[in-house]
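Trainee: Sequence:
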Amino acid sequence: MREIVAKKYVKALILAFNANEIDKVSDEFSKLASAFSISKFNFIIDSPMIDAKSKVEFLLSLVDDGKNEKLANFLMLLSHRGRLHLIPEISKELEYQKALRDAKFKGIISGNIDLSPAQKSELEDKFSKKFNVKVELETVKNEFNGIKIELDDLGVEVSFSIDRLKAQMSEYILKVI
Numbered sequence: 082m083r084e085i086v087a088k089k090y091v092k093a094l095i096l097a098f099n100a101n102e103i104d105k106v107s108d109e110f111s112k113l114a115s116a117f118s119i120s121k122f123n124f125i126i127d128s129p130m131i132d133a134k135s136k137v138e139f140l141l142s143l144v145d146d147g148k149n150e151k152l153a154n155f156l157m158l159l160s161h162r163g164r165l166h167l168i169p170e171i172s173k174e175l176e177y178q179k180a181l182r183d184a185k186f187k188g189i190i191s192g193n194i195d196l197s198p199a200q201k202s203e204l205e206d207k208f209s210k211k212f213n214v215k216v217e218l219e220t221v222k223n224e225f226n227g228i229k230i231e232l233d234d235l236g237v238e239v240s241f242s243i244d245r246l247k248a249q250m251s252e253y254i255l256k257v258i
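For the sequence shown, my numbering gives the first residue as 82, with consecutive numbering after it.
Hints are supplied without guarantee of correctness; some may be wrong.
With a straight-line cut-off of 35 Å between C-alpha atoms, the simulated DSBU-like cross-links for lysine-lysine are [claimed, not checked]: (1) Lys211 to Lys173; (2) Lys215 to Lys89; (3) Lys211 to Lys112; (4) Lys92 to Lys207.
Everything labelled a hint here was simulated from the structure, so no lab data went into it.
Go ahead and model the full structure; you've got the sequences and the hints to work with.
Mentor: Set out below in structure tokens:
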């Protein structure tokens with residue numbers, strides 16, 4: 082539900098700002114979204130004893146572009162509507178809209194297999210050609226016995242499990258015998 086409301090606010094932001102301004106605003110919203118992981122920050126945002134204007138001034142003090150009147154008005158609107166907690170969702174949706182605009186998406190390669198930079202680059206190139214966009218992959222080492230590639234914004238997940246391969250090979254050998 083929160084994502085649906087956030088999309089409407091992002092649509093308004095996109096209409097109000099030009100492409101360069103959207104990039105700056107997106108960076109500012111990313112900073113604000115990261116602050117929501119701090120409990121004292123949430124206490125300030127939730128406090129009914131602090132008025133909407135003071136909350137907006139506090140938020141603007143956390144960003145580099147605090148003099149941006151459009152951004153200040155937008156945050157004031159969120160504050161008056163009691164929707165400051167939508168900032169993380171708005172930030173995420175802004176990043177997604179920027180990715181769509183630039184045809185540039187980020188993904189994750191996870192598993193316990195070490196990939197060389199050349200292999201990672203080859204995977205990025207193949208996915209970029211397949212989806213006709215620029216794909217950047219980040220490598221994350223974990224306990225998954227195989228390799229898993231996730232491109233959430235494109236709705237793609239590809240995995241290869243060594244354990245599953247072993248099980249299928251054993252099953253095939255037993256069928257043949």
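Trainee: Do the alpha carbons of Lys215 and Lys89 lie within 35 Å of each other, as the hint requires?
Mentor: 26 Å, holds
Trainee: Run the distance test for Lys211 versus Lys173: straight-line Cα separation, threshold 35 Å.
Mentor: 25 Å, holds
Trainee: Straight-line Cα separation of Lys92 and Lys207 no greater than 35 Å?
Mentor: Judged against 35 Å, a Cα distance of about 32 Å means the pair holds.
Trainee: Given the hinted pair Lys211 and Lys112, is their alpha-carbon gap at most 35 Å?
Mentor: At roughly 33 Å apart (the allowed maximum being 35 Å), Lys112 and Lys211 satisfy the hint.
This entry satisfies every hint, going by the numbered hints stated previously.
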